[in-house]
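> Heads up: the sequence lines are chains A and B, in that order.
Numbering that gives the first Met the number 0 applies: residue 0 is where the first sequence begins, and numbers increase by one.
Numbering that gives the first Met the number 0 applies: residue 0 is where the second sequence begins, and numbers increase by one.
Since the hints were made in silico from the structure, they are not lab data.
Everything numeric in this text was worked out from a predicted model, so none of it was measured.
One or more of the hints may lead you astray.
Just so you know, same-sequence chains aren't split out, so a pair can sit in one copy or run between any two.
Said to hold, decoys possible - In silico DSBU-like links for lysine-lysine, alpha-carbon gap of 35 angstroms or less:
no.: 1; residue 1: K52; residue 2: K291
no.: 2; residue 1: K270; residue 2: K309
no.: 3; residue 1: K270; residue 2: K474
no.: 4; residue 1: K309; residue 2: K468
no.: 5; residue 1: K17; residue 2: K309
no.: 6; residue 1: K459; residue 2: K329
The chain contents come next:
There are 2 protein chains.
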Amino acid sequence: MTPQSEDFSAWYNEVVVKAQLVDRGPVRGTMVIRPYGYRIWELLQADLDRRIKEAGHDNACFPMFIPESYLRREAEHVEGFSPELAVVTVAGGKELEEPLVVRPTSETVIGEYMAKWIDSHRDLPLLLNQWANVVRWELRPRMFLRTTEFLWQEGHTAHIDEADAMRETEWALDTYAAVARELAAMPVVPGEKTAGERFAGAVRTYTIEGMMRDGRALQAGTSHYLGTNFAKAFNIQYQDEEGALQYAHTTSWGMSTRMIGGVIMTHGDDKGLVLPPRLAPYQVVIVPIGRKEQGEATAAEARRLGAAIKSMGIRVHVDDNRPQLSPGFKFNDWEMRGVPIRIEIGPRDLADGVGTLARRLPTAEGQGKETIPLARLPEELPQILADFQAFLLARAEAFRNEHTRAVDSWDDFGAQVSGGWALAFHCGRTECEDDIKADTAATPRCIPADGPAEQGDCVKCGRPSPYGKRLIFGKAY
Amino acid sequence: MTPQSEDFSAWYNEVVVKAQLVDRGPVRGTMVIRPYGYRIWELLQADLDRRIKEAGHDNACFPMFIPESYLRREAEHVEGFSPELAVVTVAGGKELEEPLVVRPTSETVIGEYMAKWIDSHRDLPLLLNQWANVVRWELRPRMFLRTTEFLWQEGHTAHIDEADAMRETEWALDTYAAVARELAAMPVVPGEKTAGERFAGAVRTYTIEGMMRDGRALQAGTSHYLGTNFAKAFNIQYQDEEGALQYAHTTSWGMSTRMIGGVIMTHGDDKGLVLPPRLAPYQVVIVPIGRKEQGEATAAEARRLGAAIKSMGIRVHVDDNRPQLSPGFKFNDWEMRGVPIRIEIGPRDLADGVGTLARRLPTAEGQGKETIPLARLPEELPQILADFQAFLLARAEAFRNEHTRAVDSWDDFGAQVSGGWALAFHCGRTECEDDIKADTAATPRCIPADGPAEQGDCVKCGRPSPYGKRLIFGKAY
Chain A
0 MTPQSEDFSA WYNEVVVKAQ LVDRGPVRGT MVIRPYGYRI WELLQADLDR
50 RIKEAGHDNA CFPMFIPESY LRREAEHVEG FSPELAVVTV AGGKELEEPL
100 VVRPTSETVI GEYMAKWIDS HRDLPLLLNQ WANVVRWELR PRMFLRTTEF
150 LWQEGHTAHI DEADAMRETE WALDTYAAVA RELAAMPVVP GEKTAGERFA
200 GAVRTYTIEG MMRDGRALQA GTSHYLGTNF AKAFNIQYQD EEGALQYAHT
250 TSWGMSTRMI GGVIMTHGDD KGLVLPPRLA PYQVVIVPIG RKEQGEATAA
300 EARRLGAAIK SMGIRVHVDD NRPQLSPGFK FNDWEMRGVP IRIEIGPRDL
350 ADGVGTLARR LPTAEGQGKE TIPLARLPEE LPQILADFQA FLLARAEAFR
400 NEHTRAVDSW DDFGAQVSGG WALAFHCGRT ECEDDIKADT AATPRCIPAD
450 GPAEQGDCVK CGRPSPYGKR LIFGKAY
Chain B
0 MTPQSEDFSA WYNEVVVKAQ LVDRGPVRGT MVIRPYGYRI WELLQADLDR
50 RIKEAGHDNA CFPMFIPESY LRREAEHVEG FSPELAVVTV AGGKELEEPL
100 VVRPTSETVI GEYMAKWIDS HRDLPLLLNQ WANVVRWELR PRMFLRTTEF
150 LWQEGHTAHI DEADAMRETE WALDTYAAVA RELAAMPVVP GEKTAGERFA
200 GAVRTYTIEG MMRDGRALQA GTSHYLGTNF AKAFNIQYQD EEGALQYAHT
250 TSWGMSTRMI GGVIMTHGDD KGLVLPPRLA PYQVVIVPIG RKEQGEATAA
300 EARRLGAAIK SMGIRVHVDD NRPQLSPGFK FNDWEMRGVP IRIEIGPRDL
350 ADGVGTLARR LPTAEGQGKE TIPLARLPEE LPQILADFQA FLLARAEAFR
400 NEHTRAVDSW DDFGAQVSGG WALAFHCGRT ECEDDIKADT AATPRCIPAD
450 GPAEQGDCVK CGRPSPYGKR LIFGKAY
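Use the sequences and the hints to build the structure in full.
What follows is the structure in C-alpha cells.
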C-alpha cells in the first residue's frame, strides 16, 4: 500500500478498498458500501438518530423524485444545484411530460408538504428528519467524500420566528459537533460559513470542520437557517395568535456518509485504518495461534474469551476460521482494517492464562503491546477501549493545534495552508475569497464560534475585517 | 369517512390519509410517509433487522442507478421488469451515453459484486442484506400497496449448492411469517408460488399471503431460490475443495412498506385503523378531561401517569396540548388512528385515583371500557397490551378461517373467491390459471406449505392435479 506520508490521496484511495469499506460502483462516481463500511454508518446513525428523536424530531420519508418545477421556485437553490442533477425522463416505457429530478436535497419537496400540514401557530415547530439517499453528479468523485449517490440524514424544520429557527440551527450544529467528537474522535471546529460558502438558498450556514492528517479541512456536517426564503417559495404560512398570516422560518441540516471519510483521514496511518472504538465494527479481534492440536486448544480458548467479551456488550470477532493464513498476515490485516484492540493467544499462553494485548496505536510510552491475564480482560476492556477512544481524540486535537497557526502576512499564508490551517483576518468580500482560492487553493472554512475577539486587516487585500475575529482558512475536500 | 363495509377501497384510501400515515406524493403513484406511518415502518424494521443480523447476514448498500445493460443479462428478469422501469438519461447537464435504470430490485448489481468478492468455497455462504428504496412504475398505484417508489429490505445470498440455498430461502420465508404473525398480528399462510406467479428469474418463489378484511389476499413478503440463473448471467463462481470452478446458487428475499397496508387492511374497521401494539407508534394515549383548574389537575395527573408508563418501556402519548378540542373529538381521533389503549382521566376520577381504560376493540364480553385504579396501571399495561396483540391475531385468524373454504366445483368457485379464499385443486397449467383469472379475477395465491396431502382434479378444467394438495385461490392486491 502507498504510504500515507508519500501520497495521501493514493493512500486514501487504496485503503478504503483494501480495508473492504467500499468498492467502486458500476457507474462513475458511485460506490458500493461493503458490510465493514456500512457497519460504521449504522453505528453513527443509531447514535445520531437517538439524539434527533430525543430532541423531539420525527422521522418521515419523502419521495426521491422531485418535479423539476419545484426546484425553480427558489432562485438561488436551483442555480446552486442545477449542474449536479440527475434527471429521469422516461418511466414505464414512456417519455415523461415533466422530467423528474432525483433529489440532491429535499428542501423543495418537504417545503411543499410543510405548507400543506401547517395551518396554525399550534402546528409549530414542525420538526422532521429523514434518512435518505441523495444524488449530486460529481465531476471529481472520491469514495465517501464526493460520490454521486450518498446516504445522509436531512433535518427540515419550520418555526414561528427567526429566534426559534436559529435555536434549532444551533442545536443541529452542536449535535453534529458532539457526534463528531464523541463517536468519531474528530475534534471539529464549529462556526459560520462566509457568504460565499453558504448553502444555495440559505440566510446563514453553519459547519463543523475537521482537520485531516494531510492538513486539509473536511466539512463534516452543515446546518442552515433558511429564513423565509423557502417559506415564500412554497407558501409555508401559519395563522398567528391574532389570526394574521405569517411566513414560517425554516431550517435544514445534514450529516452524511462523508463522515466515514473523515474518520479514515483523521486517524489513519501508513499501516491503514485506525478506527475509534465507538465506530469500529469490531472493537476487539482475537487471534488464536498454533497448528493442529495446539491451534485447536487456543481457538477454543479464543472462542470462550470472545463469548465473555461479547457478554460485556463489546463488538468482538474471533479469527478462528482462516487456517490457511499465518498469524503475521492476520495481525497486519486487522491493523490495516483499523481494529482498536487485538488479543493474541499462543499455545504457551494457555497454561499461564495469559495473552498478548496489542493496541492499534500505543496510547502512551510502553502501552503498545503487553502480556495480560485473560480472566480479568472482559472486565477491563471497556476502560481500555474508552482510553483508546480518548487517546485518538487527544491525538487528533494535538495534530490540529500543531498544524494551525495565526498568520498575518500574505507571504506566510501560502506556506501555512499548504499543510494546515491559517487563522487570518479577512475583509469579507467574496471576490477577495476568490482571489485567495485562485492563488493558494485555500478557502475560508468557517468563522470559528469559539474564536477570540480580535480586530485586524485582511491578510490578502489589507481592508479591515468585519468579523471581529480571525477566520480559519485551509484547503478543503 | 366511508364505512369499510360499504366501500373497502374508498375506506382504505381515506383512512391512510386521515390517520396521517401518508400523503399523496407530488408525482403520480408516489407517497410521502408521514411520521405516524414511518414509525410503524421503523418498528417493523428494527425487529426484522435484528433477526436478519442474528442469522449471520451483513447489511450493505449498493447504488440505486444500474446500467441498463446489467438488466439484459438475465432474460426473464429484464422481460419481467422492463415495463416498470424509471430511467435517468441526463445527468450533470449532459445526455448519458448509457441510460441508468433506477433499481426495481438489485439482483443484477449485487450479482456483479458477488462475482468480484467470491473466489473460493471459503467465501460462501455470502449473506447480504440492504434497506433501500426501489422504483417500479405502477399503472394502478395505491398507497403502501403499489407505489412507484417504496421502501424495503432485500436479502441477497450466495451458496455452495442448491441444498444450502434452499435452506436460506426457507429461513427467509419462516422469518417473514414470524414477523407478520408476531408483530403485525397477521396470520399469514406460507407457501410456494405456482410457475405462473414466480419472480422474474427465479427457479422457485415462496410467499406469505395474508387475508384482508374484504376477503382479498395480500402477498406480504417473498423469498426466491434463483438457482444458478444469476450466477451464470454475472459469472458468480467459486473454486471448490478440489479446485474446480462451480457456479454459486443464489437467493433473494424482500419485505416492504406494503406490510403497513397489510396491517391496515387486516385489522381496521369502520372507525378507522386498529394497530397491533407491537407496531403502534403510540400503544397508549392518555386523555385528561376538564376545563380550567380541573383540566390542569387532570393534565398533571395524566403527565405523571404517562411518565410512569413510559418508564415501563411502553410508547405512550399524553394528549394535553389541544385545549381547543373536546374530549369526544379526541376519543374519536385516537380510535380512528388505531391506538390500542386509551386512558381517560376526568375531574371526578382524581379523588378516587381511578381512570377509564378503553380498548380499541373489546377483547371479550365486557372487556371494552372499564374503570381501573391508576396506581397499578403501569405494571398491568404490558399484559393488557400483550392480550390485545394476541386478540388481534386470533380475531384475524378466525376471520380468515371463516372466509376460507374447500371448493370442488367451478360453480362454487366464483362465489367463494368473491369474498374469501377457495381451497381448490388445480392442473398446474399457466393457461388454465389465466382462464381462471379472466373469469373470476382470482389467482393461485400459493401452494400452502402446511396444506394436507390430498389428490383431486382441477376445479376449472378437470385435469388431475400434480401438487398433491389444494392451492389457495383468491383475488389479490
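> Against each hint, give a clear statement of whether it holds in the structure.
Results for each hint:
1. Within a single copy, K52 and K291 get their C-alpha atoms only as close as 52 angstroms, which misses the 35 angstroms cut-off; across copies the closest is 31 angstroms, which meets it.
2. In this homomeric assembly, K270 and K309 come within 35 angstroms of each other (Cα to Cα) only inside a single copy, at 27 angstroms, whereas the closest approach across copies is 48 angstroms.
3. When the C-alpha separation of K270 and K474 is checked against a cutoff of 35 angstroms, the pair qualifies only within one copy, where the shortest distance is 25 angstroms, while the shortest distance between copies is 61 angstroms.
4. In this assembly of identical chains, K309 and K468 lie within 35 angstroms of each other by CA distance neither inside one copy nor across copies; the values are 49 angstroms within and 47 angstroms between.
5. In this assembly of identical chains, K17 and K309 lie within 35 angstroms of each other by CA distance solely inside one copy; the values are 27 angstroms within and 46 angstroms between copies.
6. In this assembly of identical chains, K459 and K329 lie within 35 angstroms of each other by CA distance neither inside one copy nor across copies; the values are 52 angstroms within and 64 angstroms between.
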